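S.K.: Modelling step: build the complete structure from the supplied sequences, incorporating the hints.
Protein chains: 2
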Amino acid sequence: RYFHFCKLPGRVMGIRLLRFTSVVIIVLLLVAGALTALLPNIKDDKLPNLRREPKPQSQSALDSFTLIMQTYNRTDLLLKLLNHYQAIPNLHKVIVVWNNIGEKTPEEMWNSLGPHPVPVVFKVQSVNRMRNRLQNFPELETKAVLMMDDDTLVSAHDLAFAFSVWQQFPEHIVGFVPRKHISTPSGVYSYGSFELQNPGFGNGDQYSMVLIGAAFFHSGYLEDFQRQPEAVYALIDETQNCDDIAMNFLVAKHTGKPSGVFVKPVDIRNLEKDTNSGYSGMWHRAEHLLQRSYCVNKLVNIYDGMPLKYSNIMISQFGFPNYANHKNKM
Amino acid sequence: RYFHFCKLPGRVMGIRLLRFTSVVIIVLLLVAGALTALLPNIKDDKLPNLRREPKPQSQSALDSFTLIMQTYNRTDLLLKLLNHYQAIPNLHKVIVVWNNIGEKTPEEMWNSLGPHPVPVVFKVQSVNRMRNRLQNFPELETKAVLMMDDDTLVSAHDLAFAFSVWQQFPEHIVGFVPRKHISTPSGVYSYGSFELQNPGFGNGDQYSMVLIGAAFFHSGYLEDFQRQPEAVYALIDETQNCDDIAMNFLVAKHTGKPSGVFVKPVDIRNLEKDTNSGYSGMWHRAEHLLQRSYCVNKLVNIYDGMPLKYSNIMISQFGFPNYANHKNKM
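Keeping their order, the protein sequence lines are chains A and B. Using my numbering, read the first sequence as starting at 17 and increasing by one per residue. Using my numbering, read the second sequence as starting at 17 and increasing by one per residue.
Just so you know, these hints were derived from the structure itself, not from any lab. Possibly wrong hints are sitting among the right ones.
Intra- or inter-copy, both count: the list cannot distinguish identical chains.
[To be verified] Distance condition first, Cα-Cα at most 35 angstroms in a straight line; then the derived DSBU-like pairs of lysine-lysine: (1) K96 <-> K139; (2) K120 <-> K343; (3) K325 <-> K280; (4) K139 <-> K289; (5) K273 <-> K314; (6) K269 <-> K139; (7) K269 <-> K120; (8) K139 <-> K120; (9) K325 <-> K273; (10) K269 <-> K280; (11) K159 <-> K96; (12) K273 <-> K159; (13) K273 <-> K120; (14) K314 <-> K343; (15) K120 <-> K325; (16) K96 <-> K343; (17) K159 <-> K280; (18) K139 <-> K343; (19) K314 <-> K280; (20) K120 <-> K289; (21) K343 <-> K269; (22) K273 <-> K343; (23) K289 <-> K159; (24) K314 <-> K139; (25) K343 <-> K325.
Source: prediction; values computed, not measured.
M.R.: This is the structure:
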């Protein structure tokens, strides 16, 4: 039977067919070889402007964070800061909360200057509200949020370190700006910083809030924020202030512990003087600090108690920037 | 009937008896008055040398700590340090581990210079062993231990703060002296401090141990230490070194996290130059650091793996000593 089979090609097809078959096989092999040679080239980075689809698997939702930056009347600063923040390690996505009502976002210009390291989403708002940034954005995929004011520059080193600290304290607001409330004999609270008296728990000062304008916190708190008493939203809208104080109340109530963990920044800068818009930020208003003391007392009423707790823990990075920054005279 | 009763004294006893009774009553009243006047005086602090019994309820076992200080050939430093440490806030008791074999403890002198703020127990040892201080002393009543070398002075401010930090991180060794191990391509580990290369996890340095010669840790770890492989005790006895490295291995294995939390001391001093004994401490031996690298590798064998983990968290006290020590240029 074997010999019978072998004889078939020679006898049935003939030599012309044999040649034809050989040529076809050779051509196919050449084409296959050519394709194999071409494949690496298609993936070559030198090919211009192939729009890269964002790869959702590149930064796992657990190991990365979303930057939420609200902006009003400082688009020049926003763009400057976006160039900086878009390249921070472990960044997953940027959400820009666009409070310039009726004004076009810079999305076109942004895209024309692509590609960018991460996706940036411009969320157009209908009303200019301070609490717009505290929405539970559907684009938010990560457990961690980094919230930054649109005039604040924090170095990548500080952010990378603070993110690692947040991962160890995920239920806290981990950030760079500590503040406190103090009690007074009348029972009325006052808001301030280190220039205010120490609360008097042993040596040194204490803080009871970490401001969310330069901090990491768990995205779950944005969900929680949607479920607060109406009076909280009314207060924030009335003052166009205090959303950060409200968040600290929320977190403190939730954990029963100090709401924040303060990480001492090495390089934090306020860029508001650099803006061309002339707009210099809400905290310059005459009533700003008085409003914040007012908010503390209102929130105590709304929440029927003072949930904020004091802490005196100040965290810095071991051996950075100075590799011997913990050296002592021992 | 009432009148019948009234007539009885006059008729039955007579006037002499009535006078006698009155005198007795008056004398009794005077004596009672005198006793009442005397009672406060008996409690007066001016009364000399009434030995006070230690009150076990004065420092709750949860809110206080026990100082364990091992001493060898530096009794002058010991006594200097005891005067300092006996007054630290939240101290419950001092346990002195007396490694001066055959020598009398200074207990008599100590008692003659009383009263003291807390009880001090001198535990006479039979053999001069480094690991004597890691016994599970029956006198230990508190959850927290403060272990100090007998040549190290840490300020009360630093200790009060570090104790408050330990209360927030009770499963860690919270202390003032960070060290690290590094891997090498050969797989052999080396031990050192900041002068060694960074382990290379991002920016800056990392530590993987906090030495127990100036640290707070949970007394439960002394219990755990009694249940370690024999080879660990043999290693410590062979080197008269490395008990602290062994404790860090134990804690890291137990928690699965970095064993220590480093608190940057404001005022830590080594007093060994001040001793009259001429004895200058084990760490001056030529082989001291080589031994410690040797111990790291031996312990990895004994525990079948490297449990130590890196951390770069450095904790300082907010607003102390400088009330504005967190101020930034923002």
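S.K.: Against this structure, judge whether each hint is valid.
M.R.: Now the hints, each set against the structure:
1. Only within a single protomer do K96 and K139 lie at most 35 angstroms apart by alpha-carbon distance; the minimum there is 18 angstroms, versus 66 angstroms between protomers.
2. Taking the shortest Cα distances, K120 and K343 never come within 35 angstroms of each other, neither inside one copy (53 angstroms) nor across copies (38 angstroms).
3. Taking the closest pair of Cα atoms, K325 and K280 come within 35 angstroms of each other both inside a single copy (19 angstroms) and across two copies (23 angstroms).
4. Taking the shortest Cα distances, K139 and K289 sit within 35 angstroms of each other inside one copy (26 angstroms), while across copies they are farther apart (66 angstroms).
5. Taking identical chains as interchangeable, the C-alpha atoms of K273 and K314 lie at most 35 angstroms apart only when both belong to the same chain, with a minimum of 21 angstroms there against 41 angstroms between chains.
6. Taking the closest pair of Cα atoms, K269 and K139 come within 35 angstroms of each other only inside a single copy of the chain (30 angstroms); across copies the shortest separation is 47 angstroms, beyond that limit.
7. Taking the shortest alpha-carbon separations for K269 and K120, neither the intra-copy value of 39 angstroms nor the inter-copy value of 57 angstroms comes in at or below 35 angstroms.
8. Proximity of K139 to K120 under the C-alpha cut-off of 35 angstroms is restricted to the intra-copy arrangement: shortest distance 11 angstroms within a copy versus 78 angstroms between copies.
9. When the C-alpha separation of K325 and K273 is checked against a cutoff of 35 angstroms, the pair qualifies both within a copy, at 6 angstroms, and between copies, at 27 angstroms.
10. With identical chains, the CA atoms of K269 and K280 are at most 35 angstroms apart both within one copy (24 angstroms) and between copies (30 angstroms).
11. Taking CA atoms no more than 35 angstroms apart as the test, K159 paired with K96 passes inside one copy only; the shortest distance there is 26 angstroms, against 53 angstroms between copies.
12. Taking CA atoms no more than 35 angstroms apart as the test, K273 paired with K159 passes in both settings, with 20 angstroms inside one copy and 22 angstroms between copies.
13. For the identical chains of this complex, K273 and K120 are neighbours neither inside a copy (43 angstroms) nor across copies (49 angstroms), given an alpha-carbon limit of 35 angstroms.
14. Within a single copy, K314 and K343 get their C-alpha atoms only as close as 46 angstroms, which misses the 35 angstroms cut-off; across copies the closest is 28 angstroms, which meets it.
15. In the homo-oligomer, the alpha carbons of K120 and K325 never lie at most 35 angstroms apart, since the shortest distance is 42 angstroms inside one protomer and 50 angstroms across protomers.
16. With identical chains, the CA atoms of K96 and K343 are at most 35 angstroms apart between copies only, with a shortest distance of 25 angstroms across copies and 37 angstroms within one.
17. Taking the closest pair of Cα atoms, K159 and K280 come within 35 angstroms of each other both inside a single copy (23 angstroms) and across two copies (31 angstroms).
18. Taking the shortest alpha-carbon separations for K139 and K343, only the inter-copy value of 34 angstroms comes in at or below 35 angstroms, while the best intra-copy value is 47 angstroms.
19. Proximity of K314 to K280 under the C-alpha cut-off of 35 angstroms is restricted to the intra-copy arrangement: shortest distance 30 angstroms within a copy versus 38 angstroms between copies.
20. For a Cα distance limit of 35 angstroms, the shortest separation of K120 from K289 inside one copy, 24 angstroms, qualifies, whereas the shortest one across copies, 72 angstroms, does not.
21. Taking identical chains as interchangeable, the C-alpha atoms of K343 and K269 lie at most 35 angstroms apart only when they sit on different chains, with a minimum of 28 angstroms there against 38 angstroms within one chain.
22. Both within a single protomer and between protomers do K273 and K343 lie at most 35 angstroms apart by alpha-carbon distance, with minima of 32 angstroms and 24 angstroms respectively.
23. In the homo-oligomer, the alpha carbons of K289 and K159 lie at most 35 angstroms apart inside one protomer (33 angstroms), although the nearest pairing across protomers, at 53 angstroms, exceeds that limit.
24. In this assembly of identical chains, K314 and K139 lie within 35 angstroms of each other by CA distance solely inside one copy; the values are 30 angstroms within and 58 angstroms between copies.
25. Proximity of K343 to K325 under the C-alpha cut-off of 35 angstroms is found in both arrangements, the shortest distances being 32 angstroms within a copy and 21 angstroms between copies.
Figure legend: structure checked against the earlier numbered hints; hints not met, in rising order: 2, 7, 13 and 15.
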